[in-house]
Every structure is written in structure tokens, then in C-alpha cells.
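Got two chains here, separate frames each, mind docking them using the hints?
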Amino acid sequence: MKERFRLSPQTALVLDAFLERPRSWRYGYDISRDTGLKSGTLYPILIRLADHELVETRWETTESGKPPRHMYRLTPEGIRSARAQLRDYGPRKSSMVVLREAKI
Amino acid sequence: MSPVRDVARRVLHFVVRQAPPRTRSWGEAMIGEMDHIDDEWDALLWALGGTLALCRCSLIEHLRNLRTLLAEEVSAQTKATHLIKPILSGVGVAVVILIISMLTLTSLQRTSWVEPSQVRLAQLLFAVVIPDGLCLFAALALWRPRRRLASGILAAGAALGAHSIIFFVA
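First to last, the sequence lines map onto chains A and B. The opening residue of the first sequence carries number 1 in our numbering; numbering runs sequentially from there. The opening residue of the second sequence carries number 105 in our numbering; numbering runs sequentially from there.
Simulated from the structure, these hints should not be mistaken for lab results. A couple of the hints might just be wrong.
Short, incomplete list of chain B residues facing chain A, as computed with Cβ under 10 Å [unchecked claim]:
#1 Arg126
#2 Thr127
#3 Ser129
#4 Trp130
#5 Glu132
#6 Met134
#7 Gly136
#8 Glu137
#9 Met138
#10 Asp146
#11 Leu149
#12 Trp150
#13 Thr155
#14 Leu158
#15 Cys161
#16 Ile164
Virtual Cβ for every residue (Gly too), placed ideally from N, Cα, C.
Okay, chain B solo, but in the shape it has when bound (with noise of 0.2 Å):
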């Protein structure tokens, strides 16, 4: 084999090496190709034609996959926040509820309307019956249209409630 067949034979081959898979066999098919043809110079010429094309076919792949690398990401994420988004407003709702709730046993307990024997049935009563009873309904008002807001209701009125219901325990 002559220096210059080997350098273009070199050159060829390193390209190959570092192309995409798919470009690799189109890679393979030029050494084959350049193998055939008798002129060194042809073979040489053939060789840097090879390269160029075989970095241009690489390169148009890597962005290609990159393309997709970033379109499946924000597919993701979007689907992610499609998953989380009534969730969150779900728990949102809940936590409004309670605050309402809790405000309004604040300003009853400043009147003279609950005596204080009937004091801890009023914590009991809009800290956690009537708070979690309006999450239980509006869960199960919306489970059908809007099942995740209703997830995000139910759970955050459970955890609410649960916390209630230990502080009274204890």
C-alpha cells in the first residue's frame, strides 16, 4: 500500500471511528469503495470527499439526537407539571378551607356566643369535622371531572386532619 492510500486510508478510518452508528456503515462502505479504485491520487481525493461528507452526515445526526434528547425532555416536564399542577391546587384548596375555618373559630371564640365549657367541642368542631367534611365533599363533587385537584383535596384534608385529630389526643 503506497503512503498516500494509507494516509487517506487512516484518515477515513478515524472519521468512521468517532461517526454515529448509523453514519458508520455509509463510513464503511467508502474504505470499501476507495479499496477499488487504482489511482492513489483518485483513492486519496475519494478519501478527503469521504471525510467531508461523513463529518457533515455526523454532525446533522448529533443535532438530530439532540433535537429529540431536548424535545423529549420538555415532553417530560411538561407532562410532569400536567401531573403535579391540580395536585398542588388540590392541597391548595385545602389549606384555604382550613384557614377560613380556623379564622372563623378565632372570632367566635372572642364573643361571648361560645361558653367555655363548649370551647374545646368548637376547636373540634371547625378545626377538623367542618374543615375535613367540606375537603370530603368537594373531593367527591370533583373525583369524576377533575380527579387529581380532587386527590390534592382529599390527601391534604386527610394530613390536615390527622394533625387535628393527634393534637386533641394528645
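In isolation and in its complexed conformation, chain A is listed as follows (with noise of 0.2 Å):
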């Protein structure tokens, strides 16, 4: 893994989200309803955390006549850093749930 990254708090949301179900595969736009980002905020992230390896992706391809979707998890090591992250932000965790509630 690469240096330890700063946390925001919408990447702290998108983290939070990814450990609701740690080793599932998500949709971007599954992430996107779940975390009310945006996905000018939320690609930056993933692909910020992808870069950190903290997040790995594959295609998956659907029903005919559909592009193939690209989909994301943690990582191992992702989550055992997804978990440590979250852990210390914990001071700061009133700004997530206000980040949740305005669905920004």
C-alpha cells in the first residue's frame, strides 16, 4: 500500500459504505445512492483509492444490449485501512452523518 492518504469526510462515507458489506462487489451508482454522492465526487474517490490499492474493480457484464459495469471492494488491505481510518475519524464522525443526512 501506498502512504496513508488524507480522509475527507465524503471518502470516509464512501469507506463506510464499502464495509457495510466488505467483500461484495458495488456498483458505482449503488455507491452513489448509498453515500447521496454525486458522481463528480465519488469517481475522484474511487479512483483515489484504487490508486492507494485500497480499492480493486473488474467489468461485469450484463444482460445483452447493456455496456459492461464496472464494479468495486475493498481490498484486504483496504479493509483492515477502511477500518483503522474510520477508527481514528471517529472524533470527526458527526461531520459524516450530517454529510448522510444532506445527501450531498
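Here it is as C-alpha cells:
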């Protein structure tokens, strides 16, 4: 894993959403609905998490006529790191709650 | 496909085509995801958000590439300077040795110490033997600790020596 990155409230939301089902593959739109983050905020976060090897990606072929979907899940290192980061993030958890309620 | 979705799709496709390769796959992911969103306006918002994200990521990627390129260029220039500087210093040392030797010869020729019959020998001695001998000695002495400086001295000494020998022979 690369150096520890700055954990913004939005990144904390995404990690929190991943940790609800740590080993399940998730779609971008699915995470967007769970966290309330728009694609313009969500994808840079996913790119950064993938760059840090905290998230792995794969393409899933779907029913005919629709393009394949990109799926994401935490790597084992990502699960460990996300748990540790969110634990440290505890005192600032209120900003996550505000964001989640505001669905920014 | 509705006109709204079509516009959204075209915009996102355009941005993905302009994006650097690393970011492009993420753009394709956004396009793929958009086709699974049922609501037309949600799809449009998804595409617009994706467009902004791609523009931002592409800009960051371009700036990162530019920084790497500049760093490589500066590194290459520094390396070239490190390589050339001691060689040029060596050439400078050889030229200084030759100038001192030639000045000595000129001074000697003005005095009565050199017989007219010995002028040619004195010229050979001060223009070739002494400066080239000094250059060879300096190059040998400096070969281990400062090889590039020694190479410069040796190369310049050889060139000046060859020039002088050609002058005397001709």
C-alpha cells in the first residue's frame, strides 16, 4: 500500500459504505445512492482509493444490449485500512452524519 | 434512447476520448454505469458529474505528466553538466599549461641565453615536450581520483601536441 491519504468526510462515507458489505462487489451508482455522493465526487474518490490499492475493480458483463459495468470492492488491505482510518476518524464522525443526512 | 440521455452520453463520450489513457477507463466505467440508470434526468446528472470528474482527473494527470517530464529534463541537463564540466576544466588546464610554456619560450627568445642554432630545439621543447609532458603527468596523477578532468587534460594535450608536431614537421 502507498502512503496514508487524507481522509475527507466524503471518502469516509465511501469507505463506510464499502464496510457495510466488505467483500461484496458494488456498482458506482449503488455506492452513489448509499452515500448520497454525486458521480463527480464519487469517482475521484474511487480513483484515489484504487491508486492506493485499497479498492479493486473488475468489469461485469450484463444482459445483452447494455454495456459492461465496472464494479468495486475493498481489498483485504483496504478493509484493514478503512477500519483503522474510520476508527481514527471517530471524533469527526458528526460531519459524516451531516453529509449523509444532507445527501451531498 | 431519449434525447436527454443521448446528449448526456455524447458529452461523456467526448470527454472520455480527450482524457489520458489512465483516466479513460474510469470514463468508460461512468458511461457503462449511466446506461443502467433508469431515470433520464438522473442519467444526465450522472453524466455531467462524470464529465466534471473526468476533466478534473485529466487535468491532474496532465499536470503530473508535465511535472515528470520537466523533472526528467532537469535531471538530464544536470547529468550532462556533471559529465561535461570536468572535461572542459581539463581542457582549460591543458591550455593554461601551453600558454605558460609558450610565454616562457617567448621570454627566452628575447634574451641572449638561446643561441640562434638552438631556437628550433627550444621551440620543440617548450611547445611540445614540456607542455605535453606536464599534461601527461597531470592526467596520470589525476586518473584515479578525477578521471573526467584527467581525460580533458589528456585530450587537449594530445590535440595541442599533434598541432605543434604538424607545425614543426611542415
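Hints and how they fare:
no., hint, in the structure
1, Arg126, "holds, 9 Å"
2, Thr127, "holds, 8 Å"
3, Ser129, "holds, 8 Å"
4, Trp130, "holds, 6 Å"
5, Glu132, "holds, 8 Å"
6, Met134, "holds, 6 Å"
7, Gly136, "holds, 4 Å"
8, Glu137, "holds, 5 Å"
9, Met138, "holds, 8 Å"
10, Asp146, "holds, 9 Å"
11, Leu149, "holds, 7 Å"
12, Trp150, "holds, 5 Å"
13, Thr155, "holds, 8 Å"
14, Leu158, "holds, 8 Å"
15, Cys161, "holds, 6 Å"
16, Ile164, "holds, 9 Å"
In the structure shown, no violation is registered for any of the earlier numbered hints.
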